[in-house]
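There are 2 protein chains.
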Amino acid sequence: MSPFDPGAIASLQTHHCFGGTVGFYEHDSRVCGCPMRFSLYAPPQMQQGPRPVLYFLSGLTCTEENFMVKAGAQRFAAELGLCLVVPDTSPRHTGIPDEDTDWVYGSGAGFYLNATQDPWKRHYQMYSYVVEELPILLAQAFAVDLDRQGIMGHSMGGHGALVIGLRNGDRYRSISALAPICHPIASDWTRPAFERYLGDTVAAWKDYDATELLKRYVDPRPLLVDQGLSDPFLQDLMPQSLAQACAETGRSLTLRQHPDYDHSYYFIASLIEDHLRHHAQFLCPGSLDSP
Amino acid sequence: MSPFDPGAIASLQTHHCFGGTVGFYEHDSRVCGCPMRFSLYAPPQMQQGPRPVLYFLSGLTCTEENFMVKAGAQRFAAELGLCLVVPDTSPRHTGIPDEDTDWVYGSGAGFYLNATQDPWKRHYQMYSYVVEELPILLAQAFAVDLDRQGIMGHSMGGHGALVIGLRNGDRYRSISALAPICHPIASDWTRPAFERYLGDTVAAWKDYDATELLKRYVDPRPLLVDQGLSDPFLQDLMPQSLAQACAETGRSLTLRQHPDYDHSYYFIASLIEDHLRHHAQFLCPGSLDSP
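Chains as they are written, first to last, in UniProt numbering: chain A, 1 to 291; chain B, 1 to 291.
I should point out that these hints are in silico values taken from the structure, not numbers from a laboratory. For glycine and all other residues, C-beta sits at the position ideal for the given N, C-alpha and C.
Some chain A residues close to chain B (C-beta under 8 Å, calculated; not the full set): (1) H15; (2) H16; (3) C17; (4) V22; (5) V69; (6) K70; (7) G72; (8) R75; (9) D260; (10) Y261; (11) D262; (12) S264; (13) A269.
Please model the entire structure based on the sequences and the hints provided.
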């Protein structure tokens, strides 16, 4: 796709899967100013008409591929008639000198926020990309119903799903997360990324911190969060901060803490069915056997 | 594990998954004369006592990891109480000069046979490794019931499952395959491996060709085989040869030919449930809701 052509989508590969199609796509992102990739699972029902869209935001180091390959979600997306969309986790190959230096910032670590600092702000606009640009692009090429969107994610992507979901009550009917980073501004692990992308003003960081945002946005959408208790990152994920913020603001939260599970896709695969059924309650209630 | 210590198993990593445990292991193989790796899924029921073992033999270029990561089989192994075992697809790092040169022979391409030719015969003994050494090793370390074994596989591993299953009616109660190589001695794609491992005597090749073996071994075990019709390797897989041999010998075969599916793990994941339920009929009939 050259020269730069926003609006055009190149199909990189497709695979038939559970009666639908897993596809990998690339397009020139106007918001990120570079090519971006995403994967999409079109359930069989999309041949009959527009289906709800459920976004999965992936964790650090992931691309648009990991979830489609490892989570086993297509089985349930096919059953429930949900279109799954997985964006890449950052812009890539932007020419920023230390873009690939560290796994907690730069490529693979976009943190689903809009960077305000040089050199990142030119390309690292993942918040606007996911919230604004990607849905419009999808609607141009696929039978998606943008009035029925849900969002979920894992780890850094769990943070992204919570932040994007909470800040956009008008856009996402349902939110869930697996082992999300719940309070990134309080963690030494995640703070370096926030400093690079957003500068040293803590007030700016709070726009991208689920625990802080829960105090600002009050609405009836319940949250489903799963957390493994053998997760090596547990101390930095801080689900207890999320639980406390939900308690203080009266937000409905189902926080399930599972012994023995770690941070891997084996954990995600074990619980993904529950997440798709959670979202289906709000996105396509008619497809569920029980309320 | 040094010095060479057959019988000892090193656990490389474990992950909790659907209430059981995915583990990756290494041991010094007496048969292959080098370290070998396998993965094992222990379903939750293994904590109560020995469970049937279902082997999955993987395709060209795979390791012991691909199936565990991509197929989503643990969901059903946990439900049915099946122990899943996935051996690596060949010896590795043996020092054979062109071991890593070509994807259709050498490392990642053991073809589940016992090589008789130099330099391969010293290490490439995958048939005896899978049939004889690995089960005994498993029984020493895990709660497995070797009286209840089944075998399945994909592509080169589908060939392996058919060959090993057919030749060992006393060891495997059930056999299935996904997109198996059904008649390798008739394919230009697979013949180079057979020539290197077994020399140029076609009679020796027939010991490892499912279509040929069906003429020799007659028993009541039914075969389940799935094949995608958009599989780019379809011409070399030759499911029609398998179908013809089964027809001629009165062997029960369910050959399901699926439009649109290709050769990938998206195909495997879409159909793996049916394979586990096929094997469970023979390995643990009490666990099935319907006969």
